[in-house]
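Starting from the structure of chain A, add chain B where the hints point.
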Amino acid sequence: MQNTIETDILIIGAGPVGLFTVFEAGLLKMRCHLMDALPQPGGQLTEIYPKKPIYDIPGYPSVLAGDLVQNLLKQIEPFGPGFTMGERAETLEKQADGKFLVTGSRGTKHITSTVFIAGGLGSFEPRKPPIANIEQYEEHGVEYFVRDPEMYRGKKVVIAGGGDSALDWTIFLAELTQELTLVHRRTEFRGALDSVEKVMELAEKGKIKLVTNAQVIGLQGDKALEGVSIQHDTEGDIHIAADHFIPLFGLTPKLGPIADWGLQIQNGAVEVNTLDYSTNVPGIYAIGDINTYPGKLKLILCGFHEATLACQSAFKYIYPDKKLSFKYTTVTGIEGLPAPVV
Amino acid sequence: MITITVIDRENVPHALETPIDMGLNLMELCKSYDLPVLGTCGGMALCASCHVYVRSAHTLHPPTDDELNMLDSAFFVQENSRLGCQIKINNPDLDGLEVELAPE
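Chains as they are written, first to last, in this note's numbering: chain A, 120 to 461; chain B, 13 to 116.
Okay, chain A solo, but in the shape it has when bound (with noise of 0.2 angstroms):
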């Protein structure tokens, strides 16, 4: 059995809000875990623009997003949290004692005394094309990632997609399937220039077929995938057998399980008290852009002040007896955390 961690606060996004929250939790002397479904810290900094600067980080007058997940990482170290990565938060359930059980999307359990969500925009999914029955062949041949290239050998394999992924994938997996198809929607690839010039070979070769000014519309098969419909701009309609379909369209933010946790939401965000940015279930707190009040606004700023008064809160659910003094760092400097015992 799967050991289960045991922690103060689970947060549920290790973007820079999730991440800033240890600091503030470690200066109380609370314990972290940070859970994410992306599999490196950052959330959308790291993911989607790390090289993009943001100017609205008070002290700096400009920093690159990966910098900053970066010196986030390198502040919180002295409180030594831990990291589930790569997992969705799946189930919340609360158990007798009044902690909460989360699960994660690999089985791991989490026994936390809170739960702090700082999930941003959602965790990131695949992005599915618009195909009536494609959940039907999830599993069954419809997969958004390439995770064991092995599985495609000597199959039938259809990609679709324009960008590096798709492109990538088809290179890599030319060798081993028997059969690879690549369909887009346009006669142009945006992705790396020697990967579109590899492609173009493969297909001049043979290795390949490549059909673009196309899309892939339908999906058949009695139980797994056994071939897809493809619709072209000028030539009509193609049907060709697959063992595999994969599109690689990118990731999208979804809400995900987090709506079924009986919590309060309006269009897409968490409601909170700005009081404690508490939500309606006590020891659950919603911080950064994925709440929502009067007058919120999402900037990584306010999600900062929001970490540090729900910490506070936190605090005092998990103490209830305990005296709280504040303190200002520069008085007391940091004080790690010890290492947690195993």
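Bear in mind the hints are in silico, worked out from the structure with no lab data behind them. Even glycine gets a Cβ: it sits at the ideal position worked out from N, Cα and C. It is possible that some hints are incorrect.
Now the stretches of chain A that chain B is said to cover, found in silico as 3 or more residues with beta-carbon under 8 angstroms [to be verified]:
id : stretch
1  : 245-258
2  : 304-313
Listed next, the in silico DSSO-like pairs over lysine-lysine satisfying Cα-Cα at most 27 angstroms (straight line) [to be verified]:
id : chain 1 : residue 1 : chain 2 : residue 2
3  : A       : LYS148    : A       : LYS213
4  : A       : LYS171    : B       : LYS100
5  : A       : LYS274    : A       : LYS317
6  : B       : LYS43     : A       : LYS247
7  : A       : LYS148    : A       : LYS442
8  : A       : LYS417    : B       : LYS100
9  : A       : LYS415    : A       : LYS373
10 : A       : LYS415    : B       : LYS100
11 : A       : LYS170    : B       : LYS100
12 : B       : LYS100    : B       : LYS43
13 : A       : LYS324    : A       : LYS275
14 : A       : LYS193    : A       : LYS170
15 : A       : LYS328    : A       : LYS342
16 : B       : LYS43     : A       : LYS373
17 : A       : LYS435    : A       : LYS415
18 : A       : LYS342    : A       : LYS247
19 : A       : LYS274    : A       : LYS342
20 : A       : LYS326    : A       : LYS275
21 : A       : LYS274    : A       : LYS326
22 : A       : LYS415    : B       : LYS43
23 : A       : LYS171    : B       : LYS43
24 : A       : LYS170    : A       : LYS373
25 : A       : LYS417    : B       : LYS43
26 : A       : LYS275    : A       : LYS247
27 : A       : LYS228    : A       : LYS373
28 : A       : LYS446    : A       : LYS148
29 : A       : LYS417    : A       : LYS373
Non-contacting residues of chain B with respect to chain A, defined by C-beta distances greater than 12 angstroms in every case (computed) [unchecked claim]:
id : residue
30 : GLU29
31 : THR30
32 : SER68
Quick look at chain B alone, frame taken from chain A:
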């Protein structure tokens, strides 16, 4: 003030009055009128939730590489597809512009 017509996904037209000196883009304008445009990424041409079809004959500034990249991985894309967040409302010539919200 100019007027831009946005046709929603139920095919209902909305005439939106807007100033042209506030640095607004079309996604922000739609949101300010509570039309069902998410604008998830905040206007960085990174999510396509503000995808629109331009229906009138207005000449808009051409899309940037970022916008073309995003449209490349969006769905229901047509010749007249644009991202609302990349259409800056800064020009009196945009008066009478008509756009339609693309399917979600």
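What are the numbers of the hints that this structure violates, sorted from low to high?
none
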